[in-house]
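Line by line, the protein sequences give chains C and P. Per this note's numbering: the first sequence ends with 465, consecutive numbering throughout. Per this note's numbering: the second sequence ends with 394, consecutive numbering throughout.
You may find that some hints are simply not true.
[Stated by the list, open to error] Simulated restraints, written as ranges between beta carbons of each label pair:
| # | chain 1 | residue 1 | chain 2 | residue 2 | range |
| --- | --- | --- | --- | --- | --- |
| 1 | P | R164 | C | K387 | 43 to 49 angstroms |
| 2 | P | F297 | C | K184 | 43 to 49 angstroms |
| 3 | C | Q127 | P | P82 | 46 to 52 angstroms |
| 4 | P | R371 | C | E389 | 38 to 44 angstroms |
| 5 | P | P202 | C | E347 | 20 to 26 angstroms |
| 6 | C | E347 | P | I36 | 38 to 44 angstroms |
| 7 | C | E343 | P | R164 | 25 to 31 angstroms |
| 8 | C | E347 | P | F297 | 50 to 56 angstroms |
| 9 | P | S166 | C | A342 | 28 to 34 angstroms |
| 10 | P | T204 | C | L126 | 51 to 57 angstroms |
Note that these hints are calculated values from the structure, not bench results. Built from N, CA and C at the ideal position, the CB exists for glycine as well.
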Amino acid sequence: MVDFTLSELDDQILAQVAAEAKAGEKYTRYYEEHEEETLPPSFPEAASFPSLLQLLRRRSASDTPGVIFQMLVTMERAAHNGVPLRLPPSALGNAALNAAGTPEQKEKWGKLVLSMSITEPGAGSDTKAIQATARLDGDEWVLNGDKIFVTNGVRCDGAVVWATVDKAAGRAGIKSFLVMKGTPGFEIVRKEKKLGIRSSDTAAYAFRDCRIPRDHLIGGDESVPRDPAAGSASYKGVLKTFNMTRPSVASGGIGKALGAFRFARDRLAEEGIEVQWDKGRFERTAAEQTLISLEADVEAARLTVLRAAWLAHKGEPNNIEASVSKTKGGDVCRTGPQRAMELLGAMSLSHDHLVEQYLRDGRITDIYEGTGQIQRLVIARAILEYSSDELS
Amino acid sequence: MISFELTDDQIQSRDMLLQFAKEEIAPRARDADETRQMPEDLLQAIWDLGVVSLAIPETYGGSGASRSAVTNALMFEALGYGCAGLASAALSSTMFVNPLIDLGTEEQKQALLPQFCGREPRIATLALHESAMTFDPARMSTRAEQRGGDWVITGTKRLVTMGMRADHILVLARSAPGTDLSGIDAFLVPTATPGLKVTPESGMMGLTCAHFARLDFDEVILPSAARLGGEAGTDVRRILAMLRTGGAALSVGLSRAVTDFAIPYAKERVAFGEPIAKKQAIAFMLAEMHVECDAMRWMAWKAAAELDAGEQAHKTAILTQDYANRHALKVADDGLQIFGGHGYIRDLPLEMWLRNARSLTLHEALVAA
Numbered sequence: 074m075v076d077f078t079l080s081e082l083d084d085q086i087l088a089q090v091a092a093e094a095k096a097g098e099k100y101t102r103y104y105e106e107h108e109e110e111t112l113p114p115s116f117p118e119a120a121s122f123p124s125l126l127q128l129l130r131r132r133s134a135s136d137t138p139g140v141i142f143q144m145l146v147t148m149e150r151a152a153h154n155g156v157p158l159r160l161p162p163s164a165l166g167n168a169a170l171n172a173a174g175t176p177e178q179k180e181k182w183g184k185l186v187l188s189m190s191i192t193e194p195g196a197g198s199d200t201k202a203i204q205a206t207a208r209l210d211g212d213e214w215v216l217n218g219d220k221i222f223v224t225n226g227v228r229c230d231g232a233v234v235w236a237t238v239d240k241a242a243g244r245a246g247i248k249s250f251l252v253m254k255g256t257p258g259f260e261i262v263r264k265e266k267k268l269g270i271r272s273s274d275t276a277a278y279a280f281r282d283c284r285i286p287r288d289h290l291i292g293g294d295e296s297v298p299r300d301p302a303a304g305s306a307s308y309k310g311v312l313k314t315f316n317m318t319r320p321s322v323a324s325g326g327i328g329k330a331l332g333a334f335r336f337a338r339d340r341l342a343e344e345g346i347e348v349q350w351d352k353g354r355f356e357r358t359a360a361e362q363t364l365i366s367l368e369a370d371v372e373a374a375r376l377t378v379l380r381a382a383w384l385a386h387k388g389e390p391n392n393i394e395a396s397v398s399k400t401k402g403g404d405v406c407r408t409g410p411q412r413a414m415e416l417l418g419a420m421s422l423s424h425d426h427l428v429e430q431y432l433r434d435g436r437i438t439d440i441y442e443g444t445g446q447i448q449r450l451v452i453a454r455a456i457l458e459y460s461s462d463e464l465s
Numbered sequence: 026m027i028s029f030e031l032t033d034d035q036i037q038s039r040d041m042l043l044q045f046a047k048e049e050i051a052p053r054a055r056d057a058d059e060t061r062q063m064p065e066d067l068l069q070a071i072w073d074l075g076v077v078s079l080a081i082p083e084t085y086g087g088s089g090a091s092r093s094a095v096t097n098a099l100m101f102e103a104l105g106y107g108c109a110g111l112a113s114a115a116l117s118s119t120m121f122v123n124p125l126i127d128l129g130t131e132e133q134k135q136a137l138l139p140q141f142c143g144r145e146p147r148i149a150t151l152a153l154h155e156s157a158m159t160f161d162p163a164r165m166s167t168r169a170e171q172r173g174g175d176w177v178i179t180g181t182k183r184l185v186t187m188g189m190r191a192d193h194i195l196v197l198a199r200s201a202p203g204t205d206l207s208g209i210d211a212f213l214v215p216t217a218t219p220g221l222k223v224t225p226e227s228g229m230m231g232l233t234c235a236h237f238a239r240l241d242f243d244e245v246i247l248p249s250a251a252r253l254g255g256e257a258g259t260d261v262r263r264i265l266a267m268l269r270t271g272g273a274a275l276s277v278g279l280s281r282a283v284t285d286f287a288i289p290y291a292k293e294r295v296a297f298g299e300p301i302a303k304k305q306a307i308a309f310m311l312a313e314m315h316v317e318c319d320a321m322r323w324m325a326w327k328a329a330a331e332l333d334a335g336e337q338a339h340k341t342a343i344l345t346q347d348y349a350n351r352h353a354l355k356v357a358d359d360g361l362q363i364f365g366g367h368g369y370i371r372d373l374p375l376e377m378w379l380r381n382a383r384s385l386t387l388h389e390a391l392v393a394a
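Given only the sequences and the hints, what does the whole structure look like? Please build it.
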């Protein structure tokens, strides 16, 4: 049965998530202004909140399925501006390991925090343009190249690094490797300074004749398919992880739009400006109409995420829906905070409030994990039945 | 618990209706648009599908399927895919029957619902709009006054879907002074009531086959039992939510039809040596059309699910309507743009879809979920 309601426990947990995220707001400005610092694994306040895992353990089959609920948690957390009171014990590289790693690799590295290192100065969304190389030398891979925009790149234990073993093979030659921090030849060059999400560490890496054991190839498959369009199993496995991470990333941006909307709505209400739902369009002010459209846009985006997650929960393909949700999340992460600030006026710029941060933090959602344009390409290829060569 | 799970019955009826829409409705759309006529045989064929009577309980002669706004949203989308005009014309009775099932008294249901369970199409409708360009439901000027034991209705209703064909009309009128929706009631009015004059509208930009009528109420006297919900009256917000959700579902169907029609064309049409679909300007438009069809659909489902939970769904339906109106119009408009000049010529349905989309997104009383 189609249902969009949450169980009592769902609501309770989301309220806890909100309270914890709000408690982190006392540190927000500090990390805005001390961007060179990396967040501690946890703050003292964390002790007053049960961990998410503890909360989730109380859930049963009558609550919203975990994979969908996780999206709601991400949205609720992002709807506040707190720095995380404790850092999650995993990162994007863990998703790649889970999707494409061998059982032995998952066993061995599953407990580590692993960043994902794909992007290069000259290769963003166009991953097949990757220049970093991995060359087999005896029982070791030798990595060379530069990587940027590595999320959690400073705090992680190791990185899942994309590199080509055969440039001539194109996409089919790209494989991913686990490189532990501290490996000679692996240098963290810098921590980037950004428009927003400043408490999230973003690193640049350099690999100079960096030697790693042969069994650090994620998935273990050394062969290079002859059909260059095919892509190696590990490349495809990693791309598959985007089907879950895209809705999740979209949730972050939607949360920012939601937070900005709530902030604007509540502040305007304090001034007596509220949507009169009974009144028709001629009795609504432009501000009220903006609040309605803003809420509708956020809600629509939220539903596309829930749809993509629901398909994942059912074990059904969600490639298109993941990109649909990321498209919508990318849209509202930009227009949501922009319009909320428009409603609030000049004081919303002030550091008296955290509302301006929604715009700066949210803005990344339409860029990372595939820009809005890449999502449209993915969707267009799917509905037009074009390959990536036919439509690029 | 959040779920997008449809029942087997819902999937079956959606698929059956979608096939019907493609095979039986879509090929008739252009002719119905030009002649401004709902074809009788098609009216009968859609009636035979049982969409209107589906949720009428067995005690009143219906099929006794559970009353579900979500099911209706699915069915409206499917039929709207064939043609939103023909779907509105064939389904106007949902605006009478569904509020009656949800909000009618036992006597009202006994008296009226069995009439909608026969083999012959029984056409009914709902009268909402009025002459003022500035009309909104809260500012309605049609009045219902209590006089003795009777209700007396005065005013003019406009753009009444299938008003020229309907035997029964659910008329929304202000029964208590005020400027919000609290003082609005719904009245069950037989078209043959003395003092009610029905005249055809001059013509409509879109949905032209839906036999729109103007209704003039000159002190139309109704028995006290004519007020929907009896003594207690009714909360018109829920009725408006049913209308808005239904309209949004039709919008999804229309948008999906536009998108599905534009995709193969963009792959065939060659410009500057390659199909226009290979150009990002076009490919991205198509992608966004696809995205918005999805987003609109889930909004319609959410409002429908609230209605099914017995809620007023007033606010959610307003959000759904706001969203669907903006995006359905854009999808239809972009669809026309992809076809260029061919989209503007009446040989193809694009221009009709744009007119229908503009109509769907302004007219608030076409179908009720």
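Verification of the hints:
1. R164(P) - K387(C): 43 to 49 angstroms: 46 angstroms, holds
2. F297(P) - K184(C): 43 to 49 angstroms: Violated, since F297(P) and K184(C) (Cβ atoms, about 55 angstroms apart) do not stay within the stated range.
3. Q127(C) - P82(P): 46 to 52 angstroms: 47 angstroms, holds
4. R371(P) - E389(C): 38 to 44 angstroms: Given range 38 to 44 angstroms: holds, Cβ gap about 41 angstroms.
5. P202(P) - E347(C): 20 to 26 angstroms: 23 angstroms, holds
6. E347(C) - I36(P): 38 to 44 angstroms: 41 angstroms, holds
7. E343(C) - R164(P): 25 to 31 angstroms: This hint holds: roughly 28 angstroms between Cβ atoms.
8. E347(C) - F297(P): 50 to 56 angstroms: 53 angstroms, holds
9. S166(P) - A342(C): 28 to 34 angstroms: The hinted range 28 to 34 angstroms holds for S166(P) and A342(C), with Cβ atoms some 31 angstroms apart.
10. T204(P) - L126(C): 51 to 57 angstroms: 52 angstroms, holds
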